[in-house]
Amino acid sequence: MRVLPHVLVVAALCCGSAPADTAAGADDEVLSFELPEPFYGGTVISYWSPKLEASVYQDRKPYVAPKGTRVVSRGKPVRSSAAPLVGELAEIVDGDKEFAKTSLVELPGGTQWVQIDLGATHDLYAILVWHFHAGARVYFDVIGQISDDPEFKTGVTTLFNNDFDNSSGLGQGEDNEYIDNSDGRLFDAKGAPARYVRFYSRGNSDGDFNHYVEIEVWGRELGEE
Amino acid sequence: MKGLRIIEIGLLLLVLAGAAVLRFYDLDYRVMHGDEANQAMKTGVLLETGEYAYDPYEHHGPTLYYLTLPVLWAGGVTSKVEMGETAIRLVPAAFGLGLVLLSWLILSPIDRRAALLGALLVGLSHGLVYYSRYYIQETLFVFFAAGLVWCGFHYPRSRRIGWALAAGAFLGLLHATKETGVLVVVAMLGALVASWFLDWIAGGGVGTARQLRRENSGEKPAPHSWFVGLNFQHLAAALGMALAVSVLFFSSFFTHARGPLDSILTYTTYLGRAEGHGSSGLHEHPWYYYLWLLGYYYREAGPRWSEGLILGLALVGGITCTWRPLGMRRAHSSSDGDYYCSTVYTPDLIFLQRFLLTYTLFLLVGFSIIPYKTPWNLLIFLHPLCLLAGLGAWRLLGASRAVWWRAAVALVLAAGCIQLAGQTWRGIFTYGADVRNPYVYAHTSSAIRRLTDRVDGIEAVHPRGEQLHINVFRPGGDYWPLPWYFRAYPNVGYWPNLPENCDADIILASPETAPAVQSRLKNEYHVEMHGLRPGVLMPTFIRKDLWDAFMAGRTTD
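Residue numbers (the numbering used here), protein chains in the order written: chain B, 1 to 225; chain D, 1 to 557.
Since the hints were made in silico from the structure, they are not lab data.
Please note: incorrect hints may appear among the correct ones.
If the Cβ cut is set under 10 Å, some of the chain B residues that face chain D in the computed set are [what the hints assert, rightly or not]: (1) Leu52; (2) Tyr57; (3) Gly203.
Restricting the straight-line Cα-Cα distance to at most 27 Å, the calculated cross-link-like pairs of lysine-lysine (DSS-like) are [said to hold, decoys possible]: (4) D/Lys80 / D/Lys42; (5) B/Lys51 / D/Lys544; (6) D/Lys42 / B/Lys51; (7) D/Lys522 / D/Lys544.
Sample of chain D residues facing chain B (criterion: CB under 8 Å; computed from the structure) [to be verified]: (8) Val403; (9) Gly493; (10) Pro534.
Positions of the beta carbon are idealized from the N, C-alpha and C atoms, including for glycine.
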């Protein structure tokens, strides 16, 4: 667990030197994410694309959300478009984010999704996704959506879409591809209300399969002070 | 007795049917390995031009190419473009199925029920099935070696020249398939001597020989020797047949005179490779590599793989055929309870079992010592391991007459066979091209289909269709199996060095050359990434106007 950066961030905020986009009001706080140990090994990925987001070798900017924002996905029901080949869907929301073999859930090839039912509508803030971090990989057609409709037919908000060629058929995305790492990828729901969170992917730079180590949804129940 | 025979034949047909499903079903499911693509393109050239010249440095012998031709002709295929993965993979699949039948034929003189079990294990073995669906020489090679064992066993029993000639034909085919055939023959000769030596020491079985002396004639059974009574005219005929078959193939049916000579000179190349010289250093593995693949293989998150059932049963079969082989003693109880056995003693069958044991050990040890290792090389001893395992399974079942014992062993064997079948199914489909499969080796990523779909999509919007121009800049020739997948496109250039003008409709580069390629491009391109193998990526440039036309045709749901 890496606590120090967050302590420094809180200290910075207290000193009034936080960047503008992380400015916290009296009712806000910086979310403290528990991050897994990074994996030091594997081969360097030789992914060469103008659509690839440049790697950032700094800690993520602190994420500020209203007080009381917490992990609301832990232990919640998970569905998927296909039965996992490795692991169980419940492992996606069990809090185990380690790169160990036992943490990984594998879905078959092609466009596949996993969906978390938060049980009730929540104001959603940070959603962190770890596809795989025991090595460098780019996952294709990563699409993150939230909705109150379990079938995702109505009231769908798309948080992220890097399906640049619309090969998954959900619309052409403008977001960049990225390399997964132990920090997880943060998708900002910006307080949008939703009960269901769904993530798509379509294989990765190493092969056809789709993977998840963990999805962590941070939010508050609707109207919660 | 007749009813029993019908049941046995029925069970054999069932085993063959199951083996056929595993070998023939959905043959084009897995993407082509680079080696398969390479072999397929050579077959394509032979098909289109009738020309083939043995290459003493690469690609192995010519049997695979020539034996594919009848399949292609039967399907009305006349060009590379018309060749499909299913059509060419039918050839190793057919030999893989033939190997199941051949296994039964080899073992059935010893015991027909053990033969059924042996055939079943050959039919289910992940390794044997996986490479039966793989367009390389290996399955044919194992089939010809098994054929040589079969004929070589039957010849001294009958002393008929037909068996000798058939053995010679298999020997010639073995040589014309893969250079390592010589190692197999050395292992066979070594096993003949070692089996004779085992017979000489054990007298046909330590325990039983003592029992024989005590209870019956008191004579120690004479050791069987394959060499005794060998007809040298028949031997010469067999060698002549082997030579004729080998020359026939290596000379490309008498159109390439240097081929037979090269088939001998090639051993200088392969000796260096076996010692780990040249690029083969990439294929150097520790001595236990094959046992690791067969015994327990687990890499990253995913399934665990083991053909431990075959290894374990082979161990039982190996031990029992050393100590007390099948056919050693079929004791019949007489009315007063005494045993006799002199009339059913079968030294040739005992010899065959010991031959299988020593032959397997020679191959296993020999191939394990050689630093150069690839997973498909284990097939040559995995097959006799399955035969020994069949014998071992039958010995376990017969170890006690107690019903509970037989039921328990049958249950364990059934559970083991279900595990083997499930593992094989996963290995040929779900994980057919995944590095976590022990038999997946430097394999093309299944993501290659993203690329081929993309090229097909661009071709569909290109004004000149399949005449579109593709440039491939992959240093060191690391672009296989692309020639196979791009065989329908006549304007594909594979460049060893970057030309001044790199422009084309589609450009495939390596990550190292991509920046240099980009700096030389005059047109505007869309850039994306595609995968060749896990960790081996191809920056792909698609001419912008073609990309826009392609994307315009994509609808949003």
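Numbers of unmet hints, in rising order: Numbers 2, 6, 8 and 9, in rising order.
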